[in-house]
Structure formats: C-alpha cells, structure tokens
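Chains as they are written, first to last, in our numbering: chain A, 1 to 495; chain B, 1 to 151.
Note that these hints are calculated values from the structure, not bench results.
Treat the hints with caution; some may be incorrect.
Below, simulated DMTMM-like cross-link-like pairs (lysine to aspartate or glutamate); rule was C-alpha separation at most 20 Å, straight line [stated by the list, open to error]:
no., chain 1, residue 1, chain 2, residue 2
1, A, LYS370, A, ASP384
2, A, LYS163, A, ASP133
3, A, LYS465, A, ASP104
4, A, LYS465, A, ASP368
5, B, LYS88, A, ASP5
6, B, LYS42, A, GLU190
7, A, LYS163, A, ASP394
8, B, LYS42, A, ASP222
9, A, LYS323, A, GLU237
10, B, LYS82, A, ASP5
11, A, LYS363, A, GLU443
12, A, LYS332, A, ASP368
13, B, LYS88, B, ASP35
14, A, LYS465, B, GLU46
15, A, LYS425, A, ASP335
16, A, LYS283, B, GLU46
17, A, LYS332, B, ASP38
18, B, LYS42, A, ASP368
19, A, LYS205, A, ASP273
20, A, LYS425, A, ASP368
21, A, LYS425, A, ASP348
22, A, LYS323, A, ASP348
Here are a few chain A residues that face chain B, going by a calculated C-beta distance under 7 Å [unchecked claim]:
no., residue
23, THR16
24, LEU17
25, ALA18
26, LEU220
27, ASN312
28, GLY405
Beyond 12 Å from chain A on every Cβ pair, some chain B residues (computed) [said to hold, decoys possible]:
no., residue
29, ALA7
30, LYS42
31, ALA54
32, ALA115
Keep in mind it's a predicted model, so treat the numbers as computed, not measured.
Even glycine gets a Cβ: it sits at the ideal position worked out from N, Cα and C.
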Amino acid sequence: MTRRDRVRVLVAVVVTLAIVVPLGWMWWNSRLPSSYSVMDMGYPDYGGGARPAGAHEQMAGMEHAPGGTSVTALDTPKGRRPDVAVDLTARQGKVHLADGRTIDGYTVNGTSPGPTITATEGQLVEVHVRNADVTGGIAIHWHGVDVPNAEDGVAGVTQNAIKPGHEHTYRWVAPHAGTFWYHSHQMSHEQVAGGLLGPIVIEPKTPEQGVQEALAVLHLYDGKETVNGRTGFEPVEAAPGQRVRVRAVNTDNGPQAMWTSTPYRLAASDGYDVHQPTEVDGKSVVVPAGGRVDLEVTVPEDGSGVRVSLGNTGLVLGPSGAKAPASPQPTKHLDLLHYGSPTEVPFDTEQADRRFTYSIGRKPGFIDGKPGYWWSINGHLYPDMPMMTVREGDVVHMTISNHSGQVHPMHLHGHHAVVLTRDGKPVTGSPWWFDSLDVQNGESFEVAFVANNPGIWMDHCHNLKHAAQGMVTHLMYEGVTTPYELGSDSGNEPE
Amino acid sequence: MRATFKALCHTIAGLVVVQAAAIAFAMFGVLHFVDGGDSLNKSLAEDRSGFDGAAGWVVHSFGAILISVIAIVLLILSLFAKIPGGTKWAGILFGVVLLQWVLAIVAFGAPVVGALHAINAFAIAGVAERAAKQAGAVAPGAPTAEAAAVT
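The shape of chain B in the complex, shown without the other chains (with noise of 0.2 Å):
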C-alpha cells in the first residue's frame, strides 16, 4: 500500500511536467502561427488540427482530470495505509490540486491569474514529492521490520 502510494505522489509530480510541457507546446504553437501572418481565432484555437501545438491543450485538458482523479484515489488510499501524515500531506495534495482549478476557471476571465496557476503547478509537484517521501517515514513505536517490509 505504501508503494502505491508512493508511485501515485510521483506519478502527479510527473504529470505536472508533461502539463507544463503541453501547454508550452500549444503556447509556441500560437506564436508560430500567429508568425506565419495567420489570424487565430476561438474555432480555430479549439479545433485539434487548426495549428502545429494544438494537441498541447487536449493533453493539458486530459492531464487535469488524471490528476484530479489520482488525488482523490490517493486521498482514500492514505487511509488506510499505515503512513505517518500521510493522509495530512494527501489532503494538502487534493487542496493544491483543487485550488489549481479554481485558478484556471479564473485565469479565463483575467489571465493574470494563469501566473499564479503556473505557480501553483510547482506547489502541486512539490507536495507530491514531499507526500512521496511520507510514504517512506516509520510511524512511531512501529517495528522497523514492517516498515522495511512493506516499502
């Protein structure tokens, strides 16, 4: 169970590299376009083939539901794996991942708070690493061996 939970903190600090990779590559995508003299416009930026990086943002729109996904399964699994805190560090995951949508939905409406989602990302791969490292703690008065034995 600890391993589980080890390889899902680290699986979401990997997706939050493949979500910042996707949207850099939609971001030059534009760039690019918009460099070639084209205009972009609302159907054209949503549409999977309207330009070269379009795909950046069908991967970051999947990415996010998998993440979303991921932190709640990890926050029932710190339940009922023996971790010291590690349920406290899961729900600080689930908060940073939640707050991460609210700032997207708000970055629509004024963009200046797409610097505060990219921000966040960090926070989101921090506290994965750091919930990952839970995994490895010894609760106190536990017996090594069984720690040594699950992880």
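Just chain A, same shape as in the assembly (with noise of 0.2 Å):
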C-alpha cells in the first residue's frame, strides 16, 4: 500500500464514520425505554406563563413534586346514583355489518358502531366496561366529552389497559348537550379503525320540540366507507315537512365532507350549537376526523326524499320508500369562520396568560429506532416533545400552524377551544368551537380555552396513524402526576 493509498483508506474512514456515526447515535437515541412516564416526556413549555417553583428547564418530570394531585384523584365524585347505567363489552374478532358483510374486526355489545349512549345534559353517566377477549387490552375515551381527567380512558396516561377479562367503570357527568363519540384509547389505530367505537348523544335539558333526529356514524370498513356500518344509503322514516337533526361523526382518519339533497343549517359543530345558523345551499360542511356536525333539513312537502351525503353512503330522509333525488358534491366548502352571527363567549379572549406554539412540520430521524420521515412538532419528534403546562384558571392561546404538507385533524381532550383567527382572519360568524379541528397544510389557526378542567390531556392528531407515528403532546395542569405507564413493560399503547 503506497502512502497515498492509507491516505485515501484513511480519508474514506473518517468520512465513513461521520455518515454512520451520527445516523447510529440517532438512532439509539430514539429508542423508547421500555416503560416510561409521560410526565417525563419532552421539554416543558409555559407559554411564557408563570412556571411552578423550582421548575427545572431540562426535564418535564423535574416538577412532580411530591404532594401533587394524581389524575386517580381527579374523578367524579363517589356517592350520586347514576342517572344513566350502561354495560359495554368489548370483543375482538367477527363483525357482523349492517350491510351483511363480515369482517375482522372488534365490537361492543357485539355490534360495530357500538351502541348509542344517550343522556340528558346534567345527568350522571355510569359506563361500565368489560374487555370479554381483547388481547392487546382496552380504553374508552368519551371523545369530546369533558369529562374529569381520571375518566378520560387513555391507556398509559388516565389508566392502565383493561386486560381480557377485566373491568373498568367510568363516571362522568355530562357535561354539555350535543354528538360526541367514544372509541378506544389503546391501540387506538388499530382498535378504532376495527370498530372499537360507538356515538354519543347528549340531549339539552330542554329539547328543542318537533324536531327529529337521525344518527349517521361514518366509518371505514374493511376498505368501504359505511354509515350506521352500511355500505349505500340508509332510509329513514320521516313525515314530509318533517324537520331532521341529522347527527354525523367522522369516525375516520381523514375529513369527510357532507352534503344534502335541501338546502341544510349547520346547527352544531364538535357538540356546540352555532349561533343562529343560516341556510347553506350548494356548499357542502367538511367533518375533520374525529369530529362532528349536526346538519338540519327539513323533509319535502312532495313525498321525496331527503339525501344526506357523506361521500358514497349517507342516509335517505322521508316517508317510506320515499326517493331522493341525486345530489352531486358541491365543490365548494362552508366557512365556519364566517358561518352564523357573533355572540358573546364566556371568557376574555383578548386577555392570554399562556400562549403555546404548536407548529406542525415534517423531518427525517428516527423514532423508538425506526428511520423515516416523520411528524415534528415545534420541530421536535416524539417523544421530545413540548408538555404544554398550565394553571388551572389560565386563558390560553394557541398558534396552530401547518407546514407539513398534509392535513392534521387537532384534537385536544377535555377542553373545548374556540377559533380566534385562521391565516390573520377574525372570526365574523358564530363562536367557531371545536374539539377536533383541522389543520390543513400552510394554515396557521390562533385558538384560545379556559384552563379549567385539571389533569393531564392528550392534545394529538385524529389521523389515528399520525399518532402512532408520534404526533402526541400533553397538556398538563401544574401539580398533576400520574402513577400510570406507557411503553412495552407497561401494556400501554394508547396509540
């Protein structure tokens, strides 16, 4: 070998290693410990708000100082009688659909969509829930109920998984009229997709009269999209003239947009009513994943129908064996930012004490040592990611952005917020309030909430596949731990 040559050998080792090195320690620091606890997750975050005492810069868990409250703590008083019992058993395994078909799957009570839990507003909810043979293990979560924090139903955070054969009672009271949905927050991405879900009606304490209402739960089974797990349209019975609540859940990990046959109101959207919706013609409203909307028409006078669209299935609204006629998808989209009149919301909006940063990207690395091209947050990957912490009482805002190419469906547990701005613009409609909300690409939403539900809360994306690969934050009250645990050794995957 001639000296040019070890030079040469030298060089391209040096070289080597400065290419491997850095991508290895990458990697091996990506990797997840076996159990870890949330509280330990990424960086804190105050939103320039006033930190705990002696709060550490490095380490979220540096703060859980001894005396805190756990989240076990946080639930709903013992003592009041149910006014609402309910017995929820999960299975993994066959799924008979509405539309005949069978597929793999997993049910509740033995159907998928599960069954529909009703309540009046006020009304104390007993859920209790069996896991009959799930092997993975189960978590209900009341998605966009907010209930109290030990109630919440995420695996590794609120609770342990319900192992096959175990049983967990929730209780929560509930808290506001309108469509939520619950599903389960183990596995969820694979346990949602299969069917672990069902709808949730709460009614106000005093209904609305002459109004009928009609449930169109939107899922994606085994490669075709259903309503009410049926393919096509569904009929349902309604007098012409017939005024129709129609209540949809995205149970999907992408939007869906729906329209009608009428023209329609958007009465509510994410279990808020809008405040004195108008008549939408030629516009259809696009429901984000995990979200909801409830649409009214009225039944026409003729003996037609009434078609409700969410994509290729939907519902058929009018007397028995009434048609209706086609109705192709506008393409154009209701605004919510300029949809219904203004009225007041029950804090200052102008006045933060805590404003977060959530900007939405995309980069290559390594998570739990999978290379790819992953989802950042504040240009961070899971699990550094910013622990968004508070007080209780604070008024926070939030600056959404997205410049990751795709759209991300928000969803923040156990708050609702209200819009302020998306792209500079005030909202001029109705309080736009929302649980689930989509962010599309290069859109930047400020939002603001009350701090006034303690504990600790998933704020992450509703494309249950984002969140699998890491789109997971925590919001997170000041003094709040939790003794729960996630990674391999724990059983807990909420994702």
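Using the hints, put the two chains back together into the complex; each one sits in its own frame.
Structure representation (structure tokens):
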C-alpha cells in the first residue's frame, strides 16, 4: 500500500464514520424505554406564563414534586347514583355489519358501531366496560365530552389498559349537550379502525320540540365507507315537512365532506350549537376526522326524500319508500370562519395568560429506532415533545400552524377551544367551538380556551396513523401527576 | 467492490422504474374508482384496500425509503472502491435522491411541483446509470489487469 493509498483509506474511514456515527447515535437515542411516564416526556413549555416553584428547564419530570394531585384523584365524586347506567362489552373477532358483510375487527355489545349512549345534559352517566377477549387490552375515551381527567380513558396516562377478562367503570356528568362518540384509546390506530367505537348523544335539558333526530356514524370498514355500518344510503323514515337533525360523526382518519339534496342549516359542530345558523345551499360542510356536525334539513312536502351524503354513503330521510334526488358533491365548502352570527364567549379571549406555539412539520429522523420522514412538533420528534404546562384558570392561546404537506385533525382532550383567527383573519360568524380541528397544510389557526379541567390531557392528531407515528403532545396542569406508564413493559400503548 | 457498486447503481435505476409503475397503478386506480361514481376521501385513499391500485402508494413509499438507504450505502462504498469519480457520482446521486424527497414534500401542498418530482426521477435513473458506467472506468496510471480483475 502506498502512502497515498493509506491516506485515501483513512479519509474514507473518517468520512464513513462521520456519516454512520451520527446516524447510529440518533438511532440509539430514539429508542423508547420499555416503560416511561408521560411526565418525563419531552421538555416543559410554560407558554410565557408563570413557572411552578423549583421548575427545572431540562425535564418536565422535575416539577412533579411529592404532594401533587394524582390523575386518579381527579374523578367524579362517588356517592351520587347514576342517572344513566350502561354496560359495554368489547370483543375481538368477526364483525357482522348492517350491510351484511362480515369482517375481522372489534365489537361493542356484539355490534359495530357499538350501541348509542344517550343521556341528558347534567345527568350522571356510569359506563361499566368489560374487555371480553381483546388481547391488546382496551381503554374507552369519550371523544369531545369534557369529562374529569380520571375518566378520560387514555391507556398509560389516565388508567391502565383493561386486560382481557377485566373491567373498568367510568363515571361522568354529561357536561354539555351535543353529538360525541366513544372509542378505544389503547392501540387506537388499530382498534378504532377495526370498529371499537360508538356514538354518544347528549340531549339538552329542554329539547327543541318538533325536531326528529337521526344518527350518521361514518366508518371505513375493510376498505368500504359506511354510515351506521352500511354501505350506500340508509333509509330513515320521516314525514313530509318534518324537520330532521342529522348527527354525523366522522370516526375515520381523514376529513369527509357532507352535503344534502335540499338546503341545510349547520346546527352544531363538535357538540356546540352554532349561533343563528343560516340556510346553506350548494356547499358541503367538511367533517374533520374525529369531528361531528349536526345538520338540520326539512323533508319536502311532495313526498320525496332528502339525500344526506357523506361521500359514497349516507341517509335518505323521507316517508317510507321515498326516493331522494341524486345530489352531486358541491365543489365549495362552508367556511365556519364566517358562518352564523357573533355572540358572547364566556371568557375574555383578548387576555392570554399563556401563549403556546404548536407548529406541525415533517423531518427525517428516527422514532423508536425506526428511520422515516416523521411528523414534528415545533421541530422536534416524539417523544421530545413540548409539555404544555398550565395553571387552573389560565386563559390559553395556542397558534397551531401546519407546514407538513398534509392535513392534520388536531384533537385536544378535556377542553373545547374557540377559534380566534385563521391565517390572521378573525372569526366574523358564530363562535367556532371545536375539539377536533382540521389544520390544512399552509394554514395557521389562533385558538383560545380556558384551563378549567385539571389533569394531564392528550393533544394529538386524530389521524390515528399519524398519532401512532408520534403526533402526540400533552397539556399538563401544574402539580398533577400520573402513576401510569407507557412503553412495552407497561402494556399501555394509547395510540 | 466495483461489481457491488455497479449492481447498486443498477438497482437504484431499476427501482425508479418500479416507482413510476407503482404510482401509475395508483393514479389509474383513483381514476377508475371515481369513474364508477364513487367519491374518494383521504381515509379511503390511504387505506390499503380502499381501491384497486391503493397498493401502488404502499410500494411507492417503501421504494422511496429503499432508494434512499441504497444511495447512502453507495456513497460510503464509493469512498472505499477505487473508482475514479465514483464518490463524485455517488454524491450527485445522493443529492438528486434528497432533492426528490424535498420535491415530494412540497408537492403535497403545491401539486404542480409534482411535475418536477417526475422529471427528477429521470435524473435519478440517469445519474445512477452514469455512476454504474463509472465503475468500469480505469484509474489513471493503474495497471489494466487490476481493473479487469475487479470488474
């Protein structure tokens, strides 16, 4: 070997190490421990607000001093008798759908979608959940219902996964009338896709008279879109001239346009009534993944039906055997930024105690040893996520922006937030309340909420495939701790 | 080493062809699906069994990772293989593969950029073949017998 050759090899080795060592180091560092607490995840973000005494910059875990409140203590007070008692049994295996197909998946009380939980605002709902044979364990989350933290049903954060043969009782007072849904929050990207879900309808204390109701639960089973477990259009009997409120739930991973063959009013979105909704014609309303909309239509007097479309599937409302006209999908979407009329919001949205930035991007790297082009939050990959820390009573502003190339339906547990601006343009219509908000690529939303429900709350992407890829952050109240753990040893895998 | 270098270059060029085939399968699948009067949403489009051709997405995204990994391996290999201009061409190849990722990501938000993504695919295949050709080149001053022995 000549001297020149030796230098060449040396240079080659050095350059190779310069490529391989950082990659190896990133790979090694990205591996998740076999068990870890959500409290030790990522870095604290106080949103410019007060820091807890003795808080350390490096680790969120440093602040949970002894004497904090455990999530287990943030439950619904015992003693009161339930107004509504429900038994839910989850099973794994064959699912017989309403449209006659049999697929592999999950059932609740033998069906999918599972039974509807119905209650009236203010009632105490007690749900007794039994896992018959779901090998990976289950946990039931009440999507959009702002329940106390201990009842939130997130495996590894608010409880341990319910193992096969075990049970868990959830108790919550229905806080707000509206359309909601329940689904598993253990291995959710698989269990929700497989059908471990069902609708929740909370009626107001004084229901509006003369309005019929219909449910439309959208779910993709084995490659086919269905409403209430049926492909095509399900007939719902309604008399001519009857007003019908259709409660639609999008249980899928992507947004779904919804439209009707007659004009409609958007009565509510994400369980909150729109203030003075006007009649909409020639526009669809987009239901974000995890989101709900209530549309109100009137059955025509001429004996025909109303077609309510959610893509290829939906409902036909009308007298028995009524035909509904075909209704092509409108190309325009209803913009909630300018829909309805303004009304008061029960807190001062001008004054923020904390301002968080939630910037969604994408970058190459490793997550738990797997290389990929992953979703990032504020430039970081899971689990190095911001732990948004608040104090009870804070008014919180959050700027959610997306430059990742794809839409993300962002879902904050335990709270409803109100949109202030989108791309700098303020809301001019009804207050736009949400728990599941589609943030399109290139969009930036400024939203506000009151930190009025202590606990540790997930704030994640409800494209559950994205969540499983690490699009998960948490909102933590100062002084709240959790005894539960995540990771392979814990048996808890919420996504 | 030269033979491996050459083989990996050809593999990348071949995978570019697979990528084009997979994406055409997916796109025609989409058109066929909507021709039937069905409307496609994101949930369906991203579901493996959502429509005939959906497998094309899966192959395409897996192929993208595979090509990137091979491009890195090739770059490292070029440092050790005594191929004149080998590192230069492996470097250019890595560069156009990286550019392909950037174009793909931007194209999700700005579909017109997708056209550049397709054009750059030809650049990747072309550069890969050019690099493969380089493996047959003889180092200046090196005995021809050695080159013959390793190729």
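Verification of the supplied hints:
1. With a C-alpha separation of about 15 Å, the suggested pair LYS370 (chain A) and ASP384 (chain A) falls inside the 20 Å cut-off, and the hint holds.
2. With a C-alpha separation of about 8 Å, the suggested pairing of LYS163 (chain A) with ASP133 (chain A) holds against the 20 Å cut-off.
3. Only pairs whose Cα atoms come within 20 Å are accepted, and LYS465 (chain A) paired with ASP104 (chain A) is accepted, the gap being roughly 19 Å.
4. Between the alpha carbons of LYS465 (chain A) and ASP368 (chain A) the distance comes to roughly 16 Å, so the proposed pair stays at or under 20 Å and holds.
5. Restraint check: the Cα-Cα separation between LYS88 (chain B) and ASP5 (chain A) comes to about 18 Å, which is no more than 20 Å; the hinted pair holds.
6. Between LYS42 (chain B) and GLU190 (chain A) the CA atoms are separated by roughly 17 Å; this keeps the pair inside 20 Å, and the hint holds.
7. Distance restraint check for LYS163 (chain A) and ASP394 (chain A): the Cα-Cα separation of roughly 37 Å exceeds the 20 Å cut-off, and the hinted pair is therefore not satisfied.
8. Between LYS42 (chain B) and ASP222 (chain A) the CA atoms are separated by roughly 15 Å; this keeps the pair inside 20 Å, and the hint holds.
9. A hinted pair counts as satisfied when its Cα atoms are at most 20 Å apart, and LYS323 (chain A) with GLU237 (chain A) qualifies at roughly 12 Å.
10. About 10 Å separates the Cα atoms of LYS82 (chain B) and ASP5 (chain A), which keeps this hinted pair within 20 Å; it holds.
11. Among the hinted pairs, LYS363 (chain A) with GLU443 (chain A) is consistent with the structure: their alpha-carbon atoms are about 18 Å apart, no more than 20 Å.
12. Proximity of LYS332 (chain A) to ASP368 (chain A) is assessed by CA-CA distance (about 41 Å); at most 20 Å being required, the pair is judged violated.
13. Proximity of LYS88 (chain B) to ASP35 (chain B) is assessed by CA-CA distance (about 48 Å); at most 20 Å being required, the pair is judged violated.
14. For the hint linking LYS465 (chain A) to GLU46 (chain B), the alpha-carbon distance of about 10 Å falls within 20 Å, and the restraint holds.
15. Taken as a hint, the LYS425 (chain A) and ASP335 (chain A) pair is honoured in the structure, with Cα atoms around 12 Å apart against an allowance of 20 Å.
16. Between the alpha carbons of LYS283 (chain A) and GLU46 (chain B) the distance comes to roughly 25 Å, so the proposed pair goes past 20 Å and is violated.
17. Straight-line distance between C-alpha atoms of LYS332 (chain A) and ASP38 (chain B) comes to about 18 Å, which keeps the hinted pair within the 20 Å bound.
18. As the CA atoms of LYS42 (chain B) and ASP368 (chain A) are separated by approximately 27 Å, the hinted pair breaks the 20 Å bound.
19. In summary, the hint linking LYS205 (chain A) to ASP273 (chain A) is supported, as the alpha carbons are separated by about 14 Å, within the 20 Å threshold.
20. Simply put, LYS425 (chain A) and ASP368 (chain A) have alpha-carbon atoms about 39 Å apart, too far for the 20 Å limit, and the pair is violated.
21. In summary, the hint linking LYS425 (chain A) to ASP348 (chain A) is supported, as the alpha carbons are separated by about 19 Å, within the 20 Å threshold.
22. A hinted pair counts as satisfied when its Cα atoms are at most 20 Å apart, and LYS323 (chain A) with ASP348 (chain A) does not qualify at roughly 49 Å.
23. Hint status for THR16 (chain A) relative to chain B: holds, with the closest Cβ pair at about 5 Å, below 7 Å.
24. At about 10 Å, the closest approach between the beta carbon of LEU17 (chain A) and any beta carbon in chain B exceeds 7 Å, and the interface hint on this residue is violated.
25. For ALA18 (chain A), the interface hint is violated, since its Cβ never comes within 7 Å of a Cβ in chain B; the closest pair sits about 10 Å apart.
26. Interface restraint check: LEU220 (chain A) against chain B, minimum CB-CB distance 5 Å, threshold 7 Å, status holds.
27. Annotation: ASN312 (chain A) was flagged as interfacial toward chain B, and the flag holds, the nearest CB pair being 5 Å apart, inside 7 Å.
28. Interface hint at GLY405 (chain A): satisfied, since its Cβ lies 3 Å from the closest Cβ of chain B, which is below the 7 Å cut-off.
29. Its beta-carbon lying about 20 Å from the closest one in chain A, ALA7 (chain B) satisfies the requirement of being farther than 12 Å from that chain.
30. A beta-carbon of chain A is positioned within 12 Å of the beta-carbon of LYS42 (chain B); the least distance is around 3 Å.
31. Remark: the non-interface label on ALA54 (chain B) conflicts with the geometry, its nearest Cβ contact in chain A lying 8 Å away (cut-off 12 Å).
32. Once the 12 Å rule is applied to beta carbons, ALA115 (chain B) is consistent with being away from chain A; the minimum gap is 16 Å.
Hint violations for this structure: numbers 7, 12, 13, 16, 18, 20, 22, 24, 25, 30 and 31, all remaining hints satisfied.
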